[in-house]
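Trainee: As a plain string of letters, each chain reads:
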Amino acid sequence: MATRKLTRSEQLQQTILYPLDWLEERSGIVGGVRYFLFRKVPGDINWFQTLGAATLTAFLVQATTGVILAMYYKPDPNSAYSSIQHITNDIWAGWLVRGMHRWGASVFIILMFLHMGRVFMFGAYKYPRELNWIIGVLLLASGLAEGFTGYLLPWDQTAYWATVVGININGTAPFLGPFLAQFLQGGTYINADTLPRFYSIHMLLLPGAIFALIGLHLYLVVHLGVTSPPWSKDAAGTGPSANGAGRKSRRGLLRYGTRRNGR
Amino acid sequence: MASDRLVERRRVFKQYKEDVKERGKPFYPFAMWHDTVMSLVVVSVIIGLAIVWKFSTPGDHIGTDPGWLGKLYDAPADPGTINFVPRPDWYFYFLFYLLRIFKWPESVVLGTIGLPTVFLVLLIAMPFIDLRAERRIGRRPVAVIAAIMVVLSMGILTYKGATAKEALGTELLAHVPKWAAKEGFSQNKQAVAGAKLFAQAGCLNCHTYNGDGGHNLGAPELTAEGSKNKGIAFQIAHLKCPACVNPGSPMPSFAGLGDARLKTLAAFLEASKGGK
Amino acid sequence: MQPHDEQPHVPGPSLWPVGFAVGIVVLLIGLIVSWYIAGLGAVVALAFAFLWVRDLTAGTELTHAEEVPPEHPAATAPSASEGEAGMPPSAPAERYPRSKFLELSTLGVGGVIGGLVTAPALGFMVAPAFLKQGQKDHDIGPLTDFPEGKFVVATFMSDKSEGEVSRRTAFVRSNGQVNGQPSFTIISNHCAHLGCPVQPNGPLDQTGEKQFGDVTLIPTVSIAGFGCPCHGGQYDTEGNRTAGPPVRALDRYSFSIRNGRLFLGKPFSVSHVDGAGGSAKIHKWTLAYPGEHVNGIESWLYPIQPPH
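Top line first, the protein sequences correspond to chains A, B and C. With the numbering used here applied, the first sequence corresponds to residues 238 to 500, in that order. With the numbering used here applied, the second sequence corresponds to residues 69 to 344, in that order. With the numbering used here applied, the third sequence corresponds to residues 298 to 605, in that order.
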């Protein structure tokens, strides 16, 4: 078998491809990533449709800054406040990480609402994306719960009393309300157990749920595809075989036009 | 046996998949470029906010003076305080203000649990409520109107929640010189003493005065009370027994303050002619 | 058709009922002696009950479906909705084919393991919030520190070992002597609407502040009631709601007097108070969270209170 010496650029290519091929043969991951990156999306998608990725970025900022903050924060009522002061004033770039986490929360929630509004206006919650919408609403609820539980952690007056009111609001729910309030508080009143409880929910329970839900959410986006904007004239789903007449009509992605059989 | 509607939708979805395969562009780099730019904007905004928050705060940052974006932190939590008004984070202001709207004891559970739960359920069930396949905005009047109404109402509730005033005794006490200057009774010792009492006796929980206080419970604005010239005697009698003077008034009696203090309060009210 | 059409289905002899009976007895004994034994008895009884019922239903319609010859042989995989019926039929001679036994026991054992791991952990998460509630009595000072007819703002720690987080505030007013006993009105400062800190409607006498240990006493000059700044709830000097969204009167503390010192006891909820001072009639209820009605129709929304 004749071999030839590879050119410089071909050699460079091989050094990159060789470990990737090694990985692909042993796991199949490279194929998955390649599918994710190079899958086709409609050619007419819009800037509005970047809001989902923006929300994901905001959440990743929260997760990263949160992990770093957790290395310096002390979840005990007697030392929480001073640890926050320490982070803000003494630790190098502590003010930056804390500020990013605090304002990242607001940005995350705004972006979630904007993304939800965009999905609603584009009708992208309709068949076959209903399940994705439901997962999205669960993500919204989890994000708001993250905001609520995280608000207590600085243990200042605002944190403490806003949490008292929030827990009591939950307590007004019929039948199970008092039990829910007592479970959240860890007792009849906010006590030394409440802060670690909220910390655990904020750091472990909810982020775990959110990561899992985001995974499902993204899987469904890849599996079901991204919609064209509803005003697009060349929307995917309106190909020449649509409605059988070969007419390229101005239709949205899914248009159930004529009423048949009285339905 | 699938319905006609479902068969049609499956066909259109299949068509969609084929169209994307034929005429679509690869996610990387076309769509991912948009996503990356947007993400850069988001991260920059977050970092910018963090920088402004820290560096616009005056003082040594151990204290609690607010900067452009508010305080770095409040005083340490004091579960025994009698001097604090709780507020949630801004994205809960719409729920916070809902609580002020539902101010009748029988309706409390509607504002805390009822309405939010109803809307959450509607939100989750949205794909099963809206079964039409139409996506063009111009052909979805119900959806557009509902969206506008929801955005407007949440926006208004959030704004009202942000600007809602509370009557905190210690804070109001600091406003007395400002009131005295505005209304012109700085030289009137009795009126000033009455103003201080007015700030601390909880009057501004229900009344408004020179921009302070809460008008949530429908009590009259008192900034120009003196211009009505009701007289000191009337004011004292009213403070002692509001319902006797004003039948049906829900205002509680302040007779417990004692005659001397009631006189200063009356003097203050009569001196409040509405300011210049 | 099934054999039982021709003759009655008589279950074969088996020992499962004996085990079930033993389990029931152990359960009953455990109810008296110890919860662990009761739990063991319940598990044993359930296990043997399952085996007994399985025995009884063997060969009946509950466990065997009509065997439909598949239209396409095993080449097409069965869809999810067909499930067991879609599988190729097992040899009819075996009552409990090995695969079926393995299926059931895998699920069963897996379920048991899951339960063994989760139940204690879940209990650990949920139970401590409800057990060992209640508070010790707190000494808030000698009786002479509480002038008659004037409210004193008292802050104290309800559990010194927990520190500042357990700080509470109460408005204490001595009502003099009633029937030869000192009478006090002690009102909690948690608003009955949603728990915001309630303010006294009147000036405080900061110069008269006394402090000892964790207790601080600040007398008021004179107050006309209490007001909550959050949503405008107003109360009179007995704690009755006079305006705003609070759903009942302010909670109160019970008290006791030892060696001339005032001790605060357990708090309780109040729907309303008739009269005033030492002769007031207080309509008491078990402690409820803010926002919960204690009487009237809406109290039916909260039939059971968790242990406080």
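Possibly wrong hints are sitting among the right ones.
[Unchecked claim] Per the computed footprint, the stretches of chain A lying under chain B, defined by three or more beta-carbons under 8 Å from a beta-carbon of chain B, are:
(1) 243–257
(2) 324–332
(3) 430–443
[Claimed, not checked] Here are the simulated DSSO-like pairs of lysine-lysine, each with C-alpha atoms no more than 27 Å apart in a straight line:
(4) K470(A) / K89(B)
(5) K171(B) / K277(A)
(6) K82(B) / K470(A)
(7) K277(A) / K250(B)
(8) K581(C) / K264(B)
(9) K581(C) / K311(A)
(10) K82(B) / K122(B)
(11) K85(B) / K277(A)
(12) K578(C) / K308(B)
(13) K470(A) / K85(B)
(14) K296(B) / K308(B)
(15) K264(B) / K246(B)
(16) K341(B) / K331(B)
(17) K457(C) / K578(C)
(18) K82(B) / K171(B)
(19) K311(A) / K171(B)
(20) K93(B) / K470(A)
(21) K447(C) / K308(B)
(22) K331(B) / K447(C)
(23) K433(C) / K264(B)
(24) K257(B) / K228(B)
(25) K233(B) / K246(B)
(26) K277(A) / K82(B)
(27) K257(B) / K298(B)
(28) K581(C) / K171(B)
(29) K85(B) / K311(A)
(30) K82(B) / K93(B)
[As the list claims (entries may be wrong)] Some chain A residues flagged as far from chain B (calculated, every beta-carbon gap over 12 Å):
(31) A239
(32) I282
(33) N283
(34) A290
(35) V304
(36) M308
(37) F448
(38) G452
(39) H454
(40) Y456
In short, the hints are calculated from the structure, not lab data. Computed from a predicted structure; not experimentally measured. Using N, Cα and C, we set each Cβ at its ideal position, and we do this for glycine too.
Trainee: Now, for every hint given, state plainly whether the structure supports it.
Mentor: Status of each hint after checking the structure:
1. Interface restraint, the stretch 243–257 of chain A with chain B: violated (0 residues with C-beta to C-beta distance below 8 Å; minimum three).
2. Here the stretch 324–332 of chain A counts 3 residues with a CB under 8 Å from a CB of chain B, which clears the bar of 3, and the coverage holds.
3. With 0 residues carrying a beta carbon less than 8 Å from a beta carbon of chain B, the stretch 430–443 of chain A misses the three-residue requirement, and the given coverage is violated.
4. As the CA atoms of K470(A) and K89(B) are separated by approximately 18 Å, the hinted pair is consistent with the 27 Å bound.
5. Distance check on the hinted pair: K171(B) and K277(A) sit about 54 Å apart at the alpha-carbon level, beyond 27 Å; violated.
6. A distance of roughly 19 Å separates the Cα atoms of K82(B) and K470(A); the hinted pair therefore holds under the 27 Å criterion.
7. Restraint check for K277(A) and K250(B): the C-alpha separation of about 68 Å exceeds 27 Å, so the hint is violated.
8. With a C-alpha separation of about 37 Å, the suggested pair K581(C) and K264(B) falls outside the 27 Å cut-off, and the hint is violated.
9. Proposed proximity of K581(C) and K311(A) is contradicted: the alpha carbons are some 41 Å apart, above 27 Å.
10. Distance hint between K82(B) and K122(B) is unfulfilled; the C-alpha atoms sit about 53 Å from each other, more than 27 Å.
11. Under the criterion of a C-alpha separation no larger than 27 Å, the hint pairing K85(B) with K277(A) is consistent with the structure, at around 9 Å.
12. Proposed proximity of K578(C) and K308(B) is supported: the alpha carbons are some 24 Å apart, at most 27 Å.
13. For a cut-off of 27 Å, the pair hint linking K470(A) to K85(B) stands: about 17 Å separates their Cα positions.
14. Taken as a hint, the K296(B) and K308(B) pair is honoured in the structure, with Cα atoms around 19 Å apart against an allowance of 27 Å.
15. Distance check on the hinted pair: K264(B) and K246(B) sit about 12 Å apart at the alpha-carbon level, within 27 Å; holds.
16. Taking the CA atoms of K341(B) and K331(B), the gap is about 17 Å. The hint holds against a cut of 27 Å.
17. Restraint check for K457(C) and K578(C): not satisfied, since their Cα atoms lie roughly 33 Å apart, outside the 27 Å limit.
18. The suggested pairing of K82(B) with K171(B) is violated, with an alpha-carbon distance near 53 Å, which exceeds 27 Å.
19. As the CA atoms of K311(A) and K171(B) are separated by approximately 39 Å, the hinted pair breaks the 27 Å bound.
20. The straight-line distance between the Cα atoms of K93(B) and K470(A) is roughly 17 Å, inside the 27 Å bound, and the hint therefore holds.
21. Of the supplied pair hints, the one linking K447(C) and K308(B) holds, its CA atoms being roughly 18 Å apart against a limit of 27 Å.
22. Taken as a hint, the K331(B) and K447(C) pair is honoured in the structure, with Cα atoms around 20 Å apart against an allowance of 27 Å.
23. Taking the CA atoms of K433(C) and K264(B), the gap is about 39 Å. The hint is violated against a cut of 27 Å.
24. Between the alpha carbons of K257(B) and K228(B) the distance comes to roughly 37 Å, so the proposed pair goes past 27 Å and is violated.
25. Between K233(B) and K246(B), the direct Cα distance comes to roughly 17 Å. Compliance with the 27 Å bound is thereby established for this hinted pair.
26. Only pairs whose Cα atoms come within 27 Å are accepted, and K277(A) paired with K82(B) is accepted, the gap being roughly 15 Å.
27. The hinted pair formed by K257(B) and K298(B) meets the criterion: a straight-line CA distance of about 20 Å does not exceed 27 Å.
28. With a CA separation close to 24 Å, the supplied pair K581(C) and K171(B) stays within the 27 Å bound.
29. The hinted pair formed by K85(B) and K311(A) fails the criterion: a straight-line CA distance of about 52 Å is larger than 27 Å.
30. Distance restraint check for K82(B) and K93(B): the Cα-Cα separation of roughly 18 Å lies within the 27 Å cut-off, and the hinted pair is therefore satisfied.
31. The Cβ of A239(A) lies farther than 12 Å from every Cβ of chain B, with a closest approach of about 36 Å, so its non-interface assignment holds.
32. Not every beta carbon of chain B lies more than 12 Å from that of I282(A), the smallest distance being close to 6 Å; the non-interface claim is violated.
33. The claim that N283(A) lies off the interface is violated: its Cβ sits roughly 9 Å from the closest Cβ of chain B, which falls inside the 12 Å cut-off.
34. For A290(A), the non-interface assignment is contradicted: its Cβ lies about 4 Å from the closest Cβ of chain B, within the 12 Å cut-off.
35. Against chain B, the non-interface label of V304(A) holds: every CB pair exceeds 12 Å, the least being about 16 Å.
36. Non-interface call for M308(A) relative to chain B: holds, since the shortest CB-CB distance, roughly 18 Å, exceeds 12 Å.
37. No Cβ of chain B approaches the Cβ of F448(A) within 12 Å, the least distance being about 18 Å, so the stated non-interface status holds.
38. A cut-off of 12 Å between C-beta atoms confirms that G452(A) is not in contact with chain B; the least separation is 17 Å.
39. Residue-level check passed: H454(A) sits 15 Å from the nearest beta carbon of chain B, beyond 12 Å.
40. The non-interface label for Y456(A) is consistent with chain B: the shortest C-beta to C-beta separation is roughly 14 Å, beyond 12 Å.
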